[in-house]
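Chains as they are written, first to last, in our numbering: chain B, 783 to 1111; chain H, 1125 to 1806.
Just so you know, these hints were derived from the structure itself, not from any lab.
Please read these numbers as outputs of a predicted model, since none were measured by experiment.
Cβ atoms here follow ideal geometry from the backbone N, Cα and C, with glycine treated the same way.
Incorrect hints may appear among the rest.
What the hints assert, rightly or not - So the derived label-pair ranges between C-beta atoms look like this:
(1) P1466(H) x Q913(B): 45 to 55 Å
(2) L811(B) x E1711(H): 27 to 37 Å
(3) L845(B) x A1388(H): 25 to 35 Å
(4) S1271(H) x P848(B): 50 to 60 Å
(5) D882(B) x T1720(H): 34 to 44 Å
(6) L861(B) x P1466(H): 39 to 49 Å
(7) A1396(H) x L845(B): 18 to 28 Å
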Amino acid sequence: MLQYIVRRVVLMIPTLFVISLISFAIIQLPPGDFLSSYVAQLRAEGDAIDAAQLAALEEQYGLNQPVYVQYWKWISGILLRGDLGRSFEWGKPVSELIWDRIGITMLISLLTILLSWAIAIPAGVYAATHQYSIPDYLMSFISFLGLGTPSFMVALVALWVGLAFFGVNISGLFSEQYIDAPWSVGKVLDMLSRIWLPVVVLAIDNTASIIRTLRANLLDELNKPYVETARAKGVRETVLIWKYPVRVALNPFFSTVGWTLAALVSGETLVSVVLSYQTSGPLLLRALTSQDMYLAGSFILLLSTLTVIGTLISDILLAWVDPRIRLEE
Amino acid sequence: MKENAGRSISRRNFLRLSAVLGASAGLAACGGAPSAPAPTAAPVAPTAPPAPTVAPVATAAPPQAATAVPAAVSTFNEAPMLAELVKQGKLPPVDQRLPKNPVVLTGMDGVGKYGGTMRRGYRGFSDRWGPTKIQNEGLTWYNPDFSLRANIVESWEVSSDARQWTFKLREGMKWSDGTELTTDDWKWWYENVLLNNQITTALPAVWSTGSPRVAMKAEFPDRYTAVFTFQDPKPLFAYNVTREQPFVHAGFMKQFHADFTDPAKLEADAKAAGFETWVQLFNDKNWWWTVGRPSLGPWVPVNTMTEQLFIMERNPYFWQVDEAGNQLPYIDKITHLLFETPDAFNTRIIAGEVDFQARHVSIGDFTLLKENESRGGYQVVLGVSANHVAFQPNHTAKNPKIREFFQNRDVRIALSLAINRDEINELVFNGTAVPRQYSPLSMSPQYYEKLTKAYIEYDPVRANQLLDQAGYDKKDAQGFRLWKDGSGPISFIIEGTAQAGSPDEDAVQTMIKYFADVGIKATYKAQERSLYTERFQANEIEAAFWGGDRTLLPMIAPWIFLGSQIDRPWAAAWGLYYNNPNDPNAEPPPEGHFITKIWDIWKQIEVEPDEAKRNALFRQILDIWAEELPMIGILGELPSPTIVKNGFKGFRGGFPNDDPTEDENLLNTQTYYWDDPARHTN
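This is chain B alone, in the form it adopts within the complex (with noise of 0.2 Å):
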């Protein structure tokens, strides 16, 4: 097992190499670089910039040099020193502007995770075990709404009937005089009586998926031999099936985990743009559409990191927890 373990973390490192390469040359692709977004922001605030500022620029931003070399600075400045660069947009080292919105940003998608499972393994458990009934309908229904609906379209319109209904406007994370507050009891206070609406939101569309695949698993799984003798043995119903089946039909979410832990530093994308929200998800966002670079690649790569840590630890829970799952041969 260790020795597995060991095989897979040296094994990231040229996964991570290519991955760094990729998202690096990618973001190059787009027609344009930084600069012609800024300037023409500058022309458009009526700035008029002549082909000599512009090559000034282009100096100063490094630009002007070939991509291999804007690519070495910038991955030599995180293996050496921990730097990932500096943003063009926002005028500050990148480190100062990701550390904060992450913290923010996991905490939302861990607080959903642990909803919509709180919600979904209990109903997609009684709507397999109940198969057909009306309340198993009935979820089914609102499960498939729940996918249905865009998560954003929920956040427009919760914003929609905050506003016409209780007239008060629910986009942020925190009430005005507490955004720059220090931390106190009040500040925490103040986004928990926010919080609940993007958690709400997102872990509908997330409870309903959960609620699908585990009834289809379970389903699969009910009707399976080993069921049947261990009910014929007379163990109690709900202690058969939440100790065998259920058990099984959790192994795709074990197994997603690699996804999961990227999607947790930028699965809310979407819902924090219309609610305005200070987490990762924007702030990736407006870095690919005005190609900051540096910003936008050290995002990139931080978040195949984690999915490259998440598949290893997928792996390994995946073993823990299903004994028939071997590593070597």
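Guided by the hints, dock chain H onto chain B, whose structure is given.
Chain H alone, transformed into the frame defined by chain B:
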């Protein structure tokens, strides 16, 4: 349609009315406001020095007495929050903070009240121009009639050949840290920033003349006099410096300059901040938003602009007062809250959380915003946009047939006559715009009716005649005209950045239908902005639909009229040539072409000291435009909405919302105030 028309007329009337109101208020303010009843102004004044902190509430105290007492102590009044600091000994008295001769400025609604917060929205650091324009002060600034007044400087003089400009500083004027602004700061900037070729790698046009550019010479005979001498005449220099400061706080910026601090330490600091050289660090610090960098603005930054909530607070040393001697600004604090999408911003507006803002408020959302006025407790006040809905045929298109087609004056006139402007106005803009060519706004000093109204009538019959006469009389089976050599049909691609569903996209599609009616096939292609930029820079564009702005004061931003602003690529290759003859995509215009006449006239304007002569020359350019119609304007003077919370005073509709006049800040944001400041302290 009827209803729409009715509504639009009332809106237009409203616009006119507000313009008239604005003008008369401006007059009233200048003329000492004879009709203004004294009592309204009175309660604002009392800042009786030691009176127990609740000063502004004391309505019982006779204001005359209040002003009489401090007269011996103080000539000027200040905000309660500053008076408090003075009392605590943390700030010198207001008289010592103001220059000997402060700018006296009274807003549209007269003398205001101190206090309150103004809440706004922004999109983060990349959207810094919004806050920038609020606090920006230049050497000169505009009066409401667009003439210039002295601002940072007390006065200016220009030599008869317009080469030498002399500025007198205001004695005793202070930076926001309390140090005095003198020519020492100007000199330090001139020698160590402008003339340092590491910091200034390319000379800005403002501080230089000629081609290649030669920097101005600056001399400073005494602490309060600056003399700038240019190699060539620079008659419009007073306009060029409405938003510029030829100085920095030397004491503050020295700590980031390699000639004034230990270079090794500076390089280390730069590295630590993520920069490669000290120059990058210097440039990064040399912005007004650097916290702690002394400034001259009415409000100074309290935190960094990368925060979710960017806060600015009053500058206790601000050097402007109103006619009653109250130090400006009136409003204590300005906040900018970050938003990600227009929807989120609109939600805040409707919820009444935005106090005063034009930036990011779109006319496309007019109905939504108007409907919710009473819910949000605000009003949508309409100004005038300097932009035009316009079509640019590229006279230098790479396809020789299209080039020949667009270079034909009759063709351009025919295309203009083929457009039913009133219908587009009703269909797309609810009739709120004005049919006109791309031309100076009607409130602009350069307004010229002949150009504004040239060929804007809808006359498809005449359009067809002109196209027939131009040699494009043969048609294919579907009725589309053929090129002169019989191939065809004539077709070209119009590029722009207006995406599907936007008003501009509706407008261009409607225009394409009118073109089809006279047998011309055109298609619209929406491009992502940076791709669009690449394409016009390479002269790849056949025709564009990218509007036209800079129409309030075209004298200081004439580039669309010259064809040199090639994002409006009506002659991209020639424009590139004007900017840089060595550009690989540049082409010289043919000898005697009208664009060369425009350029020749502009060369004369650039060096003409006499204003009347300059105006006459510019009129000649507009005459050429009226004759030749280089690009085709469709609609202009679109209403531009500003959100004004109820009880927010000092702003007027009907004024242009344009960049050179800093949008909603033209009328001096420091003179805006809350009718009831106590209710707006957030």
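Go through the numbered hints given earlier and state which of them the structure violates, listing their numbers in rising order.
5
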